[in-house]
Amino acid sequence: GEDVEQSLFLSVREGDSSVINCTYTDSSSTYLYWYKQEPGAGLQLLTYIFSNMDMKQDQRLTVLLNKKDKHLSLRIADTQTGDSAIYFCADSGTYKYIFGTGTRLKVLA
Amino acid sequence: NAGVTQTPKFRILKIGQSMTLQCAQDMNHNYMYWYRQDPGMGLKLIYYSVGAGITDKGEVPNGYNVSRSTTEDFPLRLELAAPSQTSVYFCASSYPGTGISEQYFGSGTRLTVT
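Protein chains in written order, with this note's numbering: chain A, 1 to 109; chain B, 1001 to 1114.
Treat the hints as calculated values from the structure; they're not laboratory data.
No false leads were mixed into what you were given.
Quick look at which bits of chain A chain B covers, simulated, 3 or more residues with Cβ under 8 Å:
1) 37-47
2) 97-107
Partial list, computed: chain A residues near chain B (C-beta under 8 Å):
3) Leu-8
4) Tyr-31
5) Phe-88
In this text the structure is predicted, and so the values were computed from the model without any measurement.
Each residue gets a CB set at the ideal place from its N, CA and C atoms; glycine is no exception.
With the hints as extra help, turn the sequences into a complete structure.
Set out below in structure tokens:
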């Protein structure tokens, strides 16, 4: 079945860049998504990329998509303490998502 | 500006008890979902619905039931609570379209079964 995998933890220093990686198995998705979950809250859409794009930039966020390797990454430039959260990549089907395990980003001051 | 509302926020159940987790959305979304979130396991889909009167099983439906009598409401029922159902439960909704399909999440219900 479809699977989406992420590493569980990432720790960076404030001001550095963070790179969160994701691999997926379904190659038919139209969009791939990144969601952010802050403590005690539900998930919120952070950004997304259309499957025929290689890169998308949105202020401090850069999404890279390598369709050949089925690899998605989220880069956060100038990481701030407010970026500490769990980040989920998601692969979308017809009306269902497959979420990754989530990467907990810890930003050290 | 309510979005997706879940109640209760916290609940402790004894083994064998029953309860209903409530979920309501005011965005007129056709699609609604129930997920459970366990540490290090991501979100697992329990049940989903593509419209009033239509529900279907997700990855982990055992021990749960749902109904969708209106577009707005999608309650999740636990009939005989078990410790394995200790988790954080999220309800979400989305609007079907040809573009991106953003899911909107409630703030979750933290359930402990002892």
